[in-house]
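Student: Chain B: place on chain A using the hints.
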Amino acid sequence: MAVFKTGFKYCWCSPISVTILVGFPILIIFVLGSALASFISPDYDFESLPVSASVETGGSLEIFLQSSEISQFLDVTFTTRENAEELLESGEAFIAVIEENGSVAVIRPPGGGMNSLIPISIIDSYMQIGAAMTAVATGGDILESAQLIQAEISVIQAPLGNRVQSSFDYYAVTMLVMILMFAGINGIELFKKSMFSETGARALVTPVSKPALVGGLLAASTVTSYLQGMVTFVFTRVVYGVYWGENIPLVLLTLFGVTLFSQAFGIFIILLFKNPNLAMAVMQSGIWVMTFVSGGYSKVDFGAADAIFRFSPNSLAHTVIFGSAFGGNHDRMMFDLSLLFIYGAVLFILAFLLGKRRLTS
Amino acid sequence: MILTMTGTVKRYRALIALDHLTLNVHKGETLGLLGPNGAGKTTAIRVLTGLTGADAGKITLFGKELRGKANSADIRRRIGLVPQDLALYETLSARDNLEYFGKLYGVYGAELKKRADEALEILGLTDVAKKTPKKFSGGMKRRLNIGCAIIHKPELLILDEPTVGIDPQSRNHILGFVSEISRLGTTVIYTSHYMEEVERVCSRVCIMDTGRVIADGSVDEIAKAAIFEEAITLEIKEPTSALSESIKKIQGVSRCDIENRTVTIVSAADSGNLARIIEVAAPYVILGISAKRATLEDAFLALTGKTLRDGGEAS
Numbered sequence: 001m002a003v004f005k006t007g008f009k010y011c012w013c014s015p016i017s018v019t020i021l022v023g024f025p026i027l028i029i030f031v032l033g034s035a036l037a038s039f040i041s042p043d044y045d046f047e048s049l050p051v052s053a054s055v056e057t058g059g060s061l062e063i064f065l066q067s068s069e070i071s072q073f074l075d076v077t078f079t080t081r082e083n084a085e086e087l088l089e090s091g092e093a094f095i096a097v098i099e100e101n102g103s104v105a106v107i108r109p110p111g112g113g114m115n116s117l118i119p120i121s122i123i124d125s126y127m128q129i130g131a132a133m134t135a136v137a138t139g140g141d142i143l144e145s146a147q148l149i150q151a152e153i154s155v156i157q158a159p160l161g162n163r164v165q166s167s168f169d170y171y172a173v174t175m176l177v178m179i180l181m182f183a184g185i186n187g188i189e190l191f192k193k194s195m196f197s198e199t200g201a202r203a204l205v206t207p208v209s210k211p212a213l214v215g216g217l218l219a220a221s222t223v224t225s226y227l228q229g230m231v232t233f234v235f236t237r238v239v240y241g242v243y244w245g246e247n248i249p250l251v252l253l254t255l256f257g258v259t260l261f262s263q264a265f266g267i268f269i270i271l272l273f274k275n276p277n278l279a280m281a282v283m284q285s286g287i288w289v290m291t292f293v294s295g296g297y298s299k300v301d302f303g304a305a306d307a308i309f310r311f312s313p314n315s316l317a318h319t320v321i322f323g324s325a326f327g328g329n330h331d332r333m334m335f336d337l338s339l340l341f342i343y344g345a346v347l348f349i350l351a352f353l354l355g356k357r358r359l360t361s
Numbered sequence: 362m363i364l365t366m367t368g369t370v371k372r373y374r375a376l377i378a379l380d381h382l383t384l385n386v387h388k389g390e391t392l393g394l395l396g397p398n399g400a401g402k403t404t405a406i407r408v409l410t411g412l413t414g415a416d417a418g419k420i421t422l423f424g425k426e427l428r429g430k431a432n433s434a435d436i437r438r439r440i441g442l443v444p445q446d447l448a449l450y451e452t453l454s455a456r457d458n459l460e461y462f463g464k465l466y467g468v469y470g471a472e473l474k475k476r477a478d479e480a481l482e483i484l485g486l487t488d489v490a491k492k493t494p495k496k497f498s499g500g501m502k503r504r505l506n507i508g509c510a511i512i513h514k515p516e517l518l519i520l521d522e523p524t525v526g527i528d529p530q531s532r533n534h535i536l537g538f539v540s541e542i543s544r545l546g547t548t549v550i551y552t553s554h555y556m557e558e559v560e561r562v563c564s565r566v567c568i569m570d571t572g573r574v575i576a577d578g579s580v581d582e583i584a585k586a587a588i589f590e591e592a593i594t595l596e597i598k599e600p601t602s603a604l605s606e607s608i609k610k611i612q613g614v615s616r617c618d619i620e621n622r623t624v625t626i627v628s629a630a631d632s633g634n635l636a637r638i639i640e641v642a643a644p645y646v647i648l649g650i651s652a653k654r655a656t657l658e659d660a661f662l663a664l665t666g667k668t669l670r671d672g673g674e675a676s
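First to last, the protein sequences are chains A and B.
Start counting the first sequence at 1; every next residue gets the next number (the numbering used here).
Start counting the second sequence at 362; every next residue gets the next number (the numbering used here).
For reference, chain A alone in the conformation it holds in the complex:
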């Protein structure tokens, strides 16, 4: 218990840990969320850009275009397809947005330049975010979702009700999962201090058993990291109004699964390499790959890699959380959640055994 308490205090009070695991995600979610949601400056003195639109009445795209945030930037004329195209040709609209049979097309005039760039970006952000969330939630392919599966956009409206999805909803999930993965640094830092330093040497010559020492450190880094993640979770929910779905216990359980995995991963590699700096480098590289490829930020399209990314911890966590929020396939969610915990448990056991061996050999 003493090892746990001290390890907890050490991680919780560590400036690096607090900055990276709490301050950074809150800031980055705000920056990314604001950049795409046009949320930063609703009072910005900006002349609305004329857009013609032929969209499904009552559909999510119409709700999106009618929202107060978007109307700050776009002056949308809802009309028929023919009329929308005429407005575009006459120059009365900078772009035309056409929704037909669940598919969305954006038409821009030749040489539209900056006039059409902003409205296109806004529509594109809506489509990317919506498609990504929908694809993940409904069991679609994340990489394909990043390439805009327009047909699935209309599905979003049902679980969200009349709420317009925000890029915050997307980035809060992906960023928190990423940060909890990075929380493996808590484990590495704690083991570096408590095992691979003079402080560790001093602890190892005490009567405390090696399993108790390793177990206490593992528990301390896991609990601290999870609580730090919870600070971000609560902050995004309360301050940013992020939609985490109705099944919060499932979301929290998933986030715990991610934390378990990241701690076990971090501690396993530091015990494996016995070199904290090398372990940190390996962990950070691995997390970046899992986040930016599996997280859907980057498009990678080559054969077997798809399967690897599909079963990466980030991808599994995204599936469960987005699925929980937006009506995903229940069986797949449960499968992915189970797999996430299996990963963590296996690595935890390996780290524990490796720790015992390292300390007694």
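Each hint should be verified, as a subset may be incorrect.
Unchecked claim - Lysine-lysine pairs mimicking BS3-like chemistry, simulated, CA-CA at most 25 Å apart:
| hint | chain 1 | residue 1 | chain 2 | residue 2 |
| --- | --- | --- | --- | --- |
| 1 | B | LYS474 | B | LYS496 |
| 2 | B | LYS610 | B | LYS598 |
| 3 | B | LYS653 | B | LYS609 |
| 4 | B | LYS474 | A | LYS5 |
| 5 | A | LYS192 | A | LYS274 |
| 6 | B | LYS419 | B | LYS388 |
| 7 | A | LYS210 | B | LYS491 |
| 8 | B | LYS388 | B | LYS514 |
| 9 | B | LYS495 | A | LYS192 |
| 10 | A | LYS210 | A | LYS5 |
| 11 | B | LYS496 | A | LYS192 |
| 12 | B | LYS425 | B | LYS514 |
| 13 | B | LYS474 | B | LYS492 |
| 14 | A | LYS192 | B | LYS492 |
| 15 | B | LYS474 | B | LYS425 |
| 16 | B | LYS514 | A | LYS210 |
| 17 | B | LYS475 | B | LYS492 |
| 18 | A | LYS210 | A | LYS274 |
| 19 | A | LYS5 | B | LYS491 |
| 20 | B | LYS514 | B | LYS475 |
| 21 | B | LYS491 | B | LYS425 |
| 22 | B | LYS425 | B | LYS388 |
| 23 | B | LYS598 | B | LYS653 |
| 24 | B | LYS609 | B | LYS598 |
| 25 | B | LYS514 | B | LYS492 |
| 26 | A | LYS192 | A | LYS210 |
| 27 | A | LYS5 | B | LYS495 |
| 28 | B | LYS491 | B | LYS514 |
| 29 | A | LYS5 | B | LYS492 |
| 30 | A | LYS192 | A | LYS5 |
| 31 | A | LYS5 | B | LYS425 |
| 32 | B | LYS496 | A | LYS5 |
| 33 | A | LYS5 | B | LYS419 |
| 34 | B | LYS491 | B | LYS474 |
| 35 | B | LYS495 | B | LYS474 |
| 36 | B | LYS491 | B | LYS475 |
In case anyone wonders, no lab produced these hints; they're calculated from the structure.
Tutor: Using the frame of chain A, we list chain B on its own:
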């Protein structure tokens, strides 16, 4: 006898860190372990505390033979280790650090608080008990480093160069503390680069070099055993070469040099030549006489051919 190491060998690949080391520590004594960098002092400590295993040899601690790497919990409870580098949690308060290591040794509750108070008092840290070590001076950190090793009142306290890089005031504080704890009956193993520290606090000294003990005894015993010559200096008004020749004829005198008024004589140690030299110089006006006592530093130099602090060859 609290500790006996016999024929202990420890290798790190091609390097032999301990070369059939034989070392005994008696109950209640303060043993100084001297040696240059790489002599094997820290390795010896790591072996006897169970941080690393010996490749060969027999080690008995508190009457129990050590087998394999880890010491039993009972033995570990009776040892306090002050590592060479600071072994503290810098983001925890001084009291938290003390209490953490106290708990690891099985001290809890009111007893733990009482011992933490005592340690803070003895080490002069009561006023900064709630502050974190990152705000401490080097000397204060070193003192707290010691406090964490004595919170459980060990029978054997091992201090591995505890005064490296600190101010004279803190060094005095630490040396005073070691003398006091030794007086109260704690057995102490004290490694250092500083001769004067060892001479001040240790009742016995072992000089280590290349993984072995090359001299063992009290400070005086080692100095006498190792130093075969002593230097005598006379200040004489108008010394002559005839005086020099006369002194050189005294049995045991190997050199006699004159420079201005200073006559420097090198003679065999404990030869009793000082009286004979004064007798020969009596016709002259003697302004001053000095004889340099052999120190541990001289002994170390004579025994190892190395200077102590940098471990380099003596010039």
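Student: The structure should be examined with respect to each hint, and the outcome stated for every one.
Tutor: Results for each hint:
no., hint, in the structure
1, LYS474(B) <-> LYS496(B), "holds, 23 Å"
2, LYS610(B) <-> LYS598(B), "holds, 21 Å"
3, LYS653(B) <-> LYS609(B), "holds, 19 Å"
4, LYS474(B) <-> LYS5(A), "holds, 17 Å"
5, LYS192(A) <-> LYS274(A), "holds, 9 Å"
6, LYS419(B) <-> LYS388(B), "holds, 19 Å"
7, LYS210(A) <-> LYS491(B), "violated, 29 Å"
8, LYS388(B) <-> LYS514(B), "holds, 15 Å"
9, LYS495(B) <-> LYS192(A), "holds, 18 Å"
10, LYS210(A) <-> LYS5(A), "holds, 17 Å"
11, LYS496(B) <-> LYS192(A), "holds, 22 Å"
12, LYS425(B) <-> LYS514(B), "holds, 20 Å"
13, LYS474(B) <-> LYS492(B), "holds, 16 Å"
14, LYS192(A) <-> LYS492(B), "holds, 23 Å"
15, LYS474(B) <-> LYS425(B), "violated, 32 Å"
16, LYS514(B) <-> LYS210(A), "holds, 22 Å"
17, LYS475(B) <-> LYS492(B), "holds, 18 Å"
18, LYS210(A) <-> LYS274(A), "holds, 16 Å"
19, LYS5(A) <-> LYS491(B), "holds, 17 Å"
20, LYS514(B) <-> LYS475(B), "holds, 12 Å"
21, LYS491(B) <-> LYS425(B), "violated, 40 Å"
22, LYS425(B) <-> LYS388(B), "holds, 15 Å"
23, LYS598(B) <-> LYS653(B), "holds, 21 Å"
24, LYS609(B) <-> LYS598(B), "holds, 19 Å"
25, LYS514(B) <-> LYS492(B), "holds, 24 Å"
26, LYS192(A) <-> LYS210(A), "holds, 15 Å"
27, LYS5(A) <-> LYS495(B), "holds, 20 Å"
28, LYS491(B) <-> LYS514(B), "holds, 22 Å"
29, LYS5(A) <-> LYS492(B), "holds, 18 Å"
30, LYS192(A) <-> LYS5(A), "holds, 17 Å"
31, LYS5(A) <-> LYS425(B), "violated, 33 Å"
32, LYS496(B) <-> LYS5(A), "holds, 22 Å"
33, LYS5(A) <-> LYS419(B), "violated, 38 Å"
34, LYS491(B) <-> LYS474(B), "holds, 13 Å"
35, LYS495(B) <-> LYS474(B), "holds, 22 Å"
36, LYS491(B) <-> LYS475(B), "holds, 15 Å"
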